[in-house]
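Chains as they are written, first to last, in full-length UniProt numbering: chain A, 1 to 277; chain B, 1 to 277; chain C, 1 to 277; chain D, 1 to 277.
Among the hints, a few may not be true.
Identical chains blur together in the list; that is why a pair holds if it fits in one copy or across any two.
[Claimed, not checked] List of simulated lysine-lysine pairs, DSS-like, C-alpha gap at most 30 Å:
#1 Lys248 with Lys15
#2 Lys80 with Lys260
#3 Lys15 with Lys90
#4 Lys66 with Lys257
#5 Lys15 with Lys80
#6 Lys66 with Lys260
#7 Lys65 with Lys248
#8 Lys82 with Lys248
#9 Lys90 with Lys66
#10 Lys257 with Lys15
#11 Lys81 with Lys15
#12 Lys81 with Lys260
Calculated from the structure, these hints are not laboratory results. In this text the structure is predicted, and so the values were computed from the model without any measurement.
Protein chains: 4
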Amino acid sequence: MAEHHILLMDGPDHKGLIYQVTRILFEHNQNVIRNDEYVSPSGYFFMRTAFSGDVVVADLLQILKKELPEGLNLRINPNKKKDIVVMVTKEHHCLGDLLIRYAFDELDANILAVVSNYNILQPLVSKFGIPFHYITHENRTREEHEEAILRTLDVYRPEFLVLAKYMRIITPTFVDQFPNRIVNIHHSFLPAFIGANPYRQAYERGVKIIGATAHFVNNHLDEGPIIAQDVKSVDHRQTASDMATLGKETEKSVLSKALKLVFNDRVFIHQNRTIIL
Amino acid sequence: MAEHHILLMDGPDHKGLIYQVTRILFEHNQNVIRNDEYVSPSGYFFMRTAFSGDVVVADLLQILKKELPEGLNLRINPNKKKDIVVMVTKEHHCLGDLLIRYAFDELDANILAVVSNYNILQPLVSKFGIPFHYITHENRTREEHEEAILRTLDVYRPEFLVLAKYMRIITPTFVDQFPNRIVNIHHSFLPAFIGANPYRQAYERGVKIIGATAHFVNNHLDEGPIIAQDVKSVDHRQTASDMATLGKETEKSVLSKALKLVFNDRVFIHQNRTIIL
Amino acid sequence: MAEHHILLMDGPDHKGLIYQVTRILFEHNQNVIRNDEYVSPSGYFFMRTAFSGDVVVADLLQILKKELPEGLNLRINPNKKKDIVVMVTKEHHCLGDLLIRYAFDELDANILAVVSNYNILQPLVSKFGIPFHYITHENRTREEHEEAILRTLDVYRPEFLVLAKYMRIITPTFVDQFPNRIVNIHHSFLPAFIGANPYRQAYERGVKIIGATAHFVNNHLDEGPIIAQDVKSVDHRQTASDMATLGKETEKSVLSKALKLVFNDRVFIHQNRTIIL
Amino acid sequence: MAEHHILLMDGPDHKGLIYQVTRILFEHNQNVIRNDEYVSPSGYFFMRTAFSGDVVVADLLQILKKELPEGLNLRINPNKKKDIVVMVTKEHHCLGDLLIRYAFDELDANILAVVSNYNILQPLVSKFGIPFHYITHENRTREEHEEAILRTLDVYRPEFLVLAKYMRIITPTFVDQFPNRIVNIHHSFLPAFIGANPYRQAYERGVKIIGATAHFVNNHLDEGPIIAQDVKSVDHRQTASDMATLGKETEKSVLSKALKLVFNDRVFIHQNRTIIL
Numbered sequence: 001m002a003e004h005h006i007l008l009m010d011g012p013d014h015k016g017l018i019y020q021v022t023r024i025l026f027e028h029n030q031n032v033i034r035n036d037e038y039v040s041p042s043g044y045f046f047m048r049t050a051f052s053g054d055v056v057v058a059d060l061l062q063i064l065k066k067e068l069p070e071g072l073n074l075r076i077n078p079n080k081k082k083d084i085v086v087m088v089t090k091e092h093h094c095l096g097d098l099l100i101r102y103a104f105d106e107l108d109a110n111i112l113a114v115v116s117n118y119n120i121l122q123p124l125v126s127k128f129g130i131p132f133h134y135i136t137h138e139n140r141t142r143e144e145h146e147e148a149i150l151r152t153l154d155v156y157r158p159e160f161l162v163l164a165k166y167m168r169i170i171t172p173t174f175v176d177q178f179p180n181r182i183v184n185i186h187h188s189f190l191p192a193f194i195g196a197n198p199y200r201q202a203y204e205r206g207v208k209i210i211g212a213t214a215h216f217v218n219n220h221l222d223e224g225p226i227i228a229q230d231v232k233s234v235d236h237r238q239t240a241s242d243m244a245t246l247g248k249e250t251e252k253s254v255l256s257k258a259l260k261l262v263f264n265d266r267v268f269i270h271q272n273r274t275i276i277l
Numbered sequence: 001m002a003e004h005h006i007l008l009m010d011g012p013d014h015k016g017l018i019y020q021v022t023r024i025l026f027e028h029n030q031n032v033i034r035n036d037e038y039v040s041p042s043g044y045f046f047m048r049t050a051f052s053g054d055v056v057v058a059d060l061l062q063i064l065k066k067e068l069p070e071g072l073n074l075r076i077n078p079n080k081k082k083d084i085v086v087m088v089t090k091e092h093h094c095l096g097d098l099l100i101r102y103a104f105d106e107l108d109a110n111i112l113a114v115v116s117n118y119n120i121l122q123p124l125v126s127k128f129g130i131p132f133h134y135i136t137h138e139n140r141t142r143e144e145h146e147e148a149i150l151r152t153l154d155v156y157r158p159e160f161l162v163l164a165k166y167m168r169i170i171t172p173t174f175v176d177q178f179p180n181r182i183v184n185i186h187h188s189f190l191p192a193f194i195g196a197n198p199y200r201q202a203y204e205r206g207v208k209i210i211g212a213t214a215h216f217v218n219n220h221l222d223e224g225p226i227i228a229q230d231v232k233s234v235d236h237r238q239t240a241s242d243m244a245t246l247g248k249e250t251e252k253s254v255l256s257k258a259l260k261l262v263f264n265d266r267v268f269i270h271q272n273r274t275i276i277l
Numbered sequence: 001m002a003e004h005h006i007l008l009m010d011g012p013d014h015k016g017l018i019y020q021v022t023r024i025l026f027e028h029n030q031n032v033i034r035n036d037e038y039v040s041p042s043g044y045f046f047m048r049t050a051f052s053g054d055v056v057v058a059d060l061l062q063i064l065k066k067e068l069p070e071g072l073n074l075r076i077n078p079n080k081k082k083d084i085v086v087m088v089t090k091e092h093h094c095l096g097d098l099l100i101r102y103a104f105d106e107l108d109a110n111i112l113a114v115v116s117n118y119n120i121l122q123p124l125v126s127k128f129g130i131p132f133h134y135i136t137h138e139n140r141t142r143e144e145h146e147e148a149i150l151r152t153l154d155v156y157r158p159e160f161l162v163l164a165k166y167m168r169i170i171t172p173t174f175v176d177q178f179p180n181r182i183v184n185i186h187h188s189f190l191p192a193f194i195g196a197n198p199y200r201q202a203y204e205r206g207v208k209i210i211g212a213t214a215h216f217v218n219n220h221l222d223e224g225p226i227i228a229q230d231v232k233s234v235d236h237r238q239t240a241s242d243m244a245t246l247g248k249e250t251e252k253s254v255l256s257k258a259l260k261l262v263f264n265d266r267v268f269i270h271q272n273r274t275i276i277l
Numbered sequence: 001m002a003e004h005h006i007l008l009m010d011g012p013d014h015k016g017l018i019y020q021v022t023r024i025l026f027e028h029n030q031n032v033i034r035n036d037e038y039v040s041p042s043g044y045f046f047m048r049t050a051f052s053g054d055v056v057v058a059d060l061l062q063i064l065k066k067e068l069p070e071g072l073n074l075r076i077n078p079n080k081k082k083d084i085v086v087m088v089t090k091e092h093h094c095l096g097d098l099l100i101r102y103a104f105d106e107l108d109a110n111i112l113a114v115v116s117n118y119n120i121l122q123p124l125v126s127k128f129g130i131p132f133h134y135i136t137h138e139n140r141t142r143e144e145h146e147e148a149i150l151r152t153l154d155v156y157r158p159e160f161l162v163l164a165k166y167m168r169i170i171t172p173t174f175v176d177q178f179p180n181r182i183v184n185i186h187h188s189f190l191p192a193f194i195g196a197n198p199y200r201q202a203y204e205r206g207v208k209i210i211g212a213t214a215h216f217v218n219n220h221l222d223e224g225p226i227i228a229q230d231v232k233s234v235d236h237r238q239t240a241s242d243m244a245t246l247g248k249e250t251e252k253s254v255l256s257k258a259l260k261l262v263f264n265d266r267v268f269i270h271q272n273r274t275i276i277l
């Protein structure tokens, strides 16, 4: 993470946008380290510019907003680790992977806490000295449960929530608190096999390839923008249970790959699709 | 294709089945070249045994049927190329690949003829000296069209029909003429994106991986047993049209892989899944 | 190939290069359709800019050269198909694939002729109405053979030579005639298994993955810049001959992928590596 | 691991071998759960038979040895976890993965201890309550260092040694103590890029794919039988350091996959190749 600032910009395309932005950075003695842009077929512009140099970020942002056409979204992110909270249920494979990476400073994020509706993974989390909040959903309505979680999250104020096999449906009310800031790993190669027991479904359909999908969460279950996907080959010898085991490997690596992209400010969202620069 | 005979056997599992079969072959001086078997979790047995030796196949089959438990399906296939007819519409990528392989004797099948509801691919087929039957669907009901095709197929009596991008729905009546003998290449990673314009659907859903599926055709459209699947990675830069181009590459290689398995008698069908030995 | 012009630029990085180029294009009413750039860790700059608009290309190039820092390589390519000659020996798999693509206008290149040191593939090439030059290496020294080929190539003046399984070593003298303009498909996952019979080597080493490599040819055999690579999984059941069959599939698709990149002006070469924008 | 016993058998092929083995198991009331066999092109036979039933294993083995042709290697393994010691140097990625799996009983092995020539990974290992032996190589000859390690291993008597990024060359004397019982993860797609800093080599060669190899260790460094390999795509934007990061992911998953095969008695070794049944 050697880049000093990340300018993120998206909006309707205008002739000369790259020119205007690079001119302004040039005139303010900023050194462009890496520049990636994309214009969609429908004429929507995306740009991620990593740059370094002495500058008051707020002032530069002001100048950019003034000199560039209206209607553009502009942000300048500092080059620092994101603060996150991880939510889990009972499965350890994704969480274990995140904890090991975090312990060796490879996650590009600070895990502020782990929240779970079971206490099964508490011993694992404790090994790494991270707060674990066991918030059961038993004897609580869905709303009460989510409120309890939100009260806990309020203490940590995470930039991103990572659902690392959190197996509860979350409500639009909850999602609205973290717009485009919740990343989920889905136990399937979306859009196939939505719903319960996808590996059983995959087995019964006799597929030759299974996969996993990391995506942002929006109000439509399993339908948020896809960040990363990967697959593994299977054959008839694999039972539904074998497929589940193999699927976990894929979930682990796909989530890790997606988080790296998100935490490095490389993911734009537009019309329910991701643009990754 | 150096194996002399292929014994194919499936049915409810019994203790000692492998022993009984290998004993009978041993006692009749047959040399087992390769033996593959599989027992499903529900107790269904599959075995493919390649063997060589002087033997009257019909007699051997009789003996096997007599000495083995009842209720088993038993076949002994000669080790020879399958006779096939290829059906296409307008797209050339799968057909072109099959023709080149056939021209250089790599297909493990004889292409007896190509049937199409358009005459677009006639020039290509003619280069390879194979009969091309243009049977338009215009001014014909679906039934009339299929009957015309069936009359043509009747001349060739193919063992397998290969739908190499044949873009017409076929009726149960037609399918019934070729039970488990029609192989289709589907322009999607089944079970996702069934229906028209799958690459447009894939683009709009923003998937990061697209694929293709080769499967047997049964009476439920797109739901026959899957033989082979493969995928390719895509990103936001690919338009629906780019995805279609890339998808064709996948279709071509997946169909080719599936046909090799089918033509070498390696594919069993059971409960709408394939067992590939 | 809807882009009208492709500006290709590489050289030592300077602050503001993107800004200067986009400014000049903007001032001359050119519309940037797609812009990709890369700066290597050692500070070397690469940019590919697709743009459209009414312009006299030679004049624009003059202006760019005048206004940009010295030491940059600058080209503006028209958006047209490349002229190529394909060289082969006895194997048909790559050639067959190129011919089918060419026949259906999918190659982004014109195949002017096919040259071979055997006449085995003449019947295939003839089906497609393309000149076939059989230039045997028998009773000729290597130099005499290459001179004969060069005389033939001189008639066609191809922009690129494609070695689609041309199994003769070519000399530096020959290579020098086509600097960075010869693309070869190598029957191995370079840098492993250089030399004769790579699939036998792979089999004996018991590898679990085999691959193929498309690369530019330079004076060091098998060591030119790599354009594309791909692999397939194998296991102990595959003989060296099976691996060769599977390897051909990979060769075919890797060569096709590499040529698409080259013919679309997307490949830069720098310090024996390719930069693909 | 529901199978009760695993019969492993290899040797020169004889007509009727499968028949003889299945007959003997049948006559002794053993139920064959899964049977896999392979005959190499050179006529060497391999078979792995999982079976269950009440039996005195030593007696059954005696009978098999008596009734089957001479010259066969025969073992019957109980269906139990292997005892292993893991050896590491400084890198945590493979070890971390093994520890998480072990903690959740997914490794099919007991980690008796971790041995390292550095103490860097001691804190990680301690979290999981496993003995960590720091045995420095400093101020010791290679022989003295290995003797110190062997004395430690002698206490644990592991069935397998897992080199999970142990970065010291081990001598033939050491290897001889664990014939075909040491599994190493190699930071390269063997046989390419043998030696130091493979990712730097890969970067400089400009490869488009990198990989990792898990193999048994024999006396020729990096040349033991390959168990598993996998690859990931890279492009010019990846620095040697990025490639190393990506390579670690591959190392982690390849080692895990190979160990699962080894610990489940699925790997035979013959003429420096593995046969995986």
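Checked hints:
1. Lys248 with Lys15: neither (46 Å within a copy, 35 Å between copies)
2. Lys80 with Lys260: So Lys80 and Lys260 pass the 30 Å test inside one copy only (13 Å; across, 38 Å).
3. Lys15 with Lys90: This pair counts as neither: shortest intra-copy Cα distance 52 Å, inter-copy 40 Å.
4. Lys66 with Lys257: Neither way: Lys66 and Lys257 sit 36 Å apart in one copy and 44 Å across, limit 30 Å.
5. Lys15 with Lys80: Classified as between: cross-chain Cα gap 25 Å, same-chain 32 Å, threshold 30 Å.
6. Lys66 with Lys260: For Lys66 and Lys260, the Cα distance exceeds 30 Å both inside one copy (32 Å) and across copies (42 Å).
7. Lys65 with Lys248: neither (45 Å within a copy, 42 Å between copies)
8. Lys82 with Lys248: Cα proximity of Lys82 and Lys248: in one copy and across copies (25 Å, 23 Å).
9. Lys90 with Lys66: Neither. Shortest intra-copy (50 Å) and inter-copy (51 Å) distances fail the 30 Å Cα cut-off.
10. Lys257 with Lys15: Neither. Shortest intra-copy (34 Å) and inter-copy (32 Å) distances fail the 30 Å Cα cut-off.
11. Lys81 with Lys15: between (34 Å within a copy, 28 Å between copies)
12. Lys81 with Lys260: within (11 Å within a copy, 35 Å between copies)
In this structure, the earlier hints numbered 1, 3, 4, 6, 7, 9, 10 are contradicted, and the remaining ones agree with it.
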